[in-house]
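Q: Sequences and hints are given; from them, build the entire structure.
Number of protein chains: 2
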Amino acid sequence: MSEILEMAKRARAASLELALCPTAKKNAALLKLAGLIRSRAEEIKAANAKDVEAARNLISAPMLERLSLNDKKIAAMAEGVEQVASLGDPVGEIIESSVRPNGMRIDKVRVPIGVIGIVYESRPNVTVDCAALCLKSGNASILRGGSECFQTNSALAEIVAESLSSAGINPASSQMMPTTDRSAFGELLKLDEYVQCIIPRGGEKLIRFVVENSSIPVIKHYKGVCTVYADKSADAGMAESLVVNAKCQRPSVCNAAENLIVHRDAAERLLPVLAAALSKRGVEIRASARCAGILKNAGISFLPASEEDFSTEYSDLIISVDIVDSVADAADFINRYGSAHSDLIITSDPNAAEEFLDKTDSSTVYWNASTRFTDGFEFGFGAEIGISTDKLHARGPMGLKELCSYKYKVYGNGQTRE
Amino acid sequence: MSEILEMAKRARAASLELALCPTAKKNAALLKLAGLIRSRAEEIKAANAKDVEAARNLISAPMLERLSLNDKKIAAMAEGVEQVASLGDPVGEIIESSVRPNGMRIDKVRVPIGVIGIVYESRPNVTVDCAALCLKSGNASILRGGSECFQTNSALAEIVAESLSSAGINPASSQMMPTTDRSAFGELLKLDEYVQCIIPRGGEKLIRFVVENSSIPVIKHYKGVCTVYADKSADAGMAESLVVNAKCQRPSVCNAAENLIVHRDAAERLLPVLAAALSKRGVEIRASARCAGILKNAGISFLPASEEDFSTEYSDLIISVDIVDSVADAADFINRYGSAHSDLIITSDPNAAEEFLDKTDSSTVYWNASTRFTDGFEFGFGAEIGISTDKLHARGPMGLKELCSYKYKVYGNGQTRE
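Sequence lines, in order, name chains A and B.
All residue numbers for the first sequence refer to my numbering, where the first residue is 527 and numbers rise by one.
All residue numbers for the second sequence refer to my numbering, where the first residue is 527 and numbers rise by one.
No lab work stands behind these hints: they were computed from the structure.
Any given hint could be a false lead.
Put simply, identical chains are the same to the list, so a pair is met inside one copy or across any two.
As the list claims (entries may be wrong) - Restricting the straight-line Cα-Cα distance to at most 27 Å, the calculated cross-link-like pairs of lysine-lysine (DSSO-like) are:
1) Lys716 / Lys731
2) Lys535 / Lys822
3) Lys749 / Lys634
4) Lys571 / Lys822
5) Lys731 / Lys885
6) Lys535 / Lys749
7) Lys885 / Lys535
8) Lys558 / Lys806
9) Lys716 / Lys885
10) Lys558 / Lys634
11) Lys806 / Lys758
A: Rendered as structure tokens:
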């Protein structure tokens, strides 16, 4: 039997035990994990130094920065695990209950998904985050980080396993893939008998590979192309503050804005103000032909936008700008070019707002609040394993509840079907 | 552009309109559909007669029976559609709402999934059922029935389109695949940009093909291998009534029992009674070596069971029988051999019952009630599009709510993220 199959079978067996594990035991493992991350910081940093050294000339500076651990990042990892320990346990909650005319009671009860495979790149804190979130939600996890992070992840996986064992939990409840070979990974993606869910976190190419090769259900988002729409009646001050926050507060993340569209009746009034505010903050403006005259008149420099620009995730200080004719056209624009992640209307007209919120087919739609709030912590979930732009299972930020399934428990006293 | 791609694009566009369609309009289309099914019964039967004639020497007698329509089946189709019209509209319900410390209100609102592809075999009533359920839940549907049913399905699809148009709904909201070619079907399974969900209904081979070839998320159950477990303290009369109901009331369906397992301490007491009751109803007993002595002593005839028998869906009057040592072993047996569909413990011991309900990793777990109740109608959903044994999205019977996703609508007054 292959090493990967063996691993998946061990994970499946562990998941059946873990699904019934009391909260206190899971929390004990989490607190132990936080403690070990702190007490073994030097060991973790030493492993990380090997990865950083080997990757130095192979990956970009921002990637190297993401890969590198320091005391502050290690402390944040430990705190993150403690926070997961402090959250409520989602498992076992009765979501709904009904009594049928024949007297049967049907309880819909939250249960873990089972075994979750998580595939990610670079950042080693993801290893610890995902192990902790899966554990708290009663799921066994199989973790597959990037090859450039293998030493660090191995050190962290060892600490996770020790934490589980010390709390009396089967260490196979959280396993790291023994190799970063793509063929081993491809093998994992076919083991739907043992693994119930794959969550890929990373670039579009990685996610596309998973979707095309997995026979296991996948929860994902490809990218974050978020749009800010300033409606006819948008307040200029609020619009400026929201578009600047959505674009500039942290341009590299998936809930940052990539597009700005403005209602034609407000274009003369708003475009110069908004474009100037963005330019002032170093944002490159890429404008459609329709915006050109207004921007030129206002003396704002810009580049022409291609159609492709409107569906591009820049993750940088660049924004594409266009004019639309109506709320419906704004929603159409987003449904065509966006990635169904997070989109915003700025308006003082409640009817326009509701029309936009209804017609825009995105996971999260905002009226007068920044797209940057799409986040499990900001939504009050206490944690986040990722964002889904899928329609099935979970949509938007995914917390502990979204890492769960349910089962029906039916209580009878001999009922048979006629 | 290929015909299939064109169709998927039209479905996607129609789904965006349909998601916002008022309930009354959807109901008007459904009632029109029911009326047309009745008034055009002769036309439907004529199309069906062609299919039946062509299939007569190619498919088995039970398949031919499934394929054949008569007045009674056509009336039942129309009634089914009227029932769907009478159900509540799941779309637009606020599932949860919270106000964040910064004053933002976050509403989690039920919305349709989008475009759902449904793939099925033989029975033409599925065409109408699925079109109706998708319409009521605001989803566009692409239907792909079996080639042996193409004439009948085409006639029904025409009637569906006419009903939609007459209510002012885009007829692209429910489309039938223009061909039953496997290559066209394979093409559909890759159109994840336009189609959000595939529901295959049919044999294990069809479902496996879909899982291995789809880049669109799939909701499914492969088969129904359901087990009845008679515990130590099971009442003999109740056990007899339940196992007979679960096995014999309709042996061809997925929630019928295929396995009977008995606690060792109750084997002498229960096995002869239960096996005799089943034998009397013409059920073939396939027993493990461990049961052989007891059955022989009781003078009950049986065949030896192979290990494979315990994971076989007979869909017939056959049952596999074994003895287990404990409640935990019963759950292990089911987790190993079953299909995570519906499993039952018969016991008068509440602790044993809860242990079984917790440890058995199935969609629906019963205490003292027949597995035959796993059904959207019996669960009070008013309808059913299928059963899921998956862990993601929906598990167990799927009604209108399970045909929906959700979106977050966030209401602010200028909130930005620090």
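Q: The structure should be examined with respect to each hint, and the outcome stated for every one.
A: Each hint tested on the structure:
no.: 1; hint: Lys716 / Lys731; verdict: both (19 Å within a copy, 16 Å between copies)
no.: 2; hint: Lys535 / Lys822; verdict: neither (64 Å within a copy, 38 Å between copies)
no.: 3; hint: Lys749 / Lys634; verdict: between (34 Å within a copy, 22 Å between copies)
no.: 4; hint: Lys571 / Lys822; verdict: neither (53 Å within a copy, 68 Å between copies)
no.: 5; hint: Lys731 / Lys885; verdict: neither (29 Å within a copy, 39 Å between copies)
no.: 6; hint: Lys535 / Lys749; verdict: between (32 Å within a copy, 21 Å between copies)
no.: 7; hint: Lys885 / Lys535; verdict: between (45 Å within a copy, 17 Å between copies)
no.: 8; hint: Lys558 / Lys806; verdict: neither (48 Å within a copy, 60 Å between copies)
no.: 9; hint: Lys716 / Lys885; verdict: between (37 Å within a copy, 25 Å between copies)
no.: 10; hint: Lys558 / Lys634; verdict: neither (33 Å within a copy, 35 Å between copies)
no.: 11; hint: Lys806 / Lys758; verdict: within (24 Å within a copy, 78 Å between copies)
Violated hints, listed in ascending order, are 2, 4, 5, 8, 10; each of the other numbered hints is respected by the structure.
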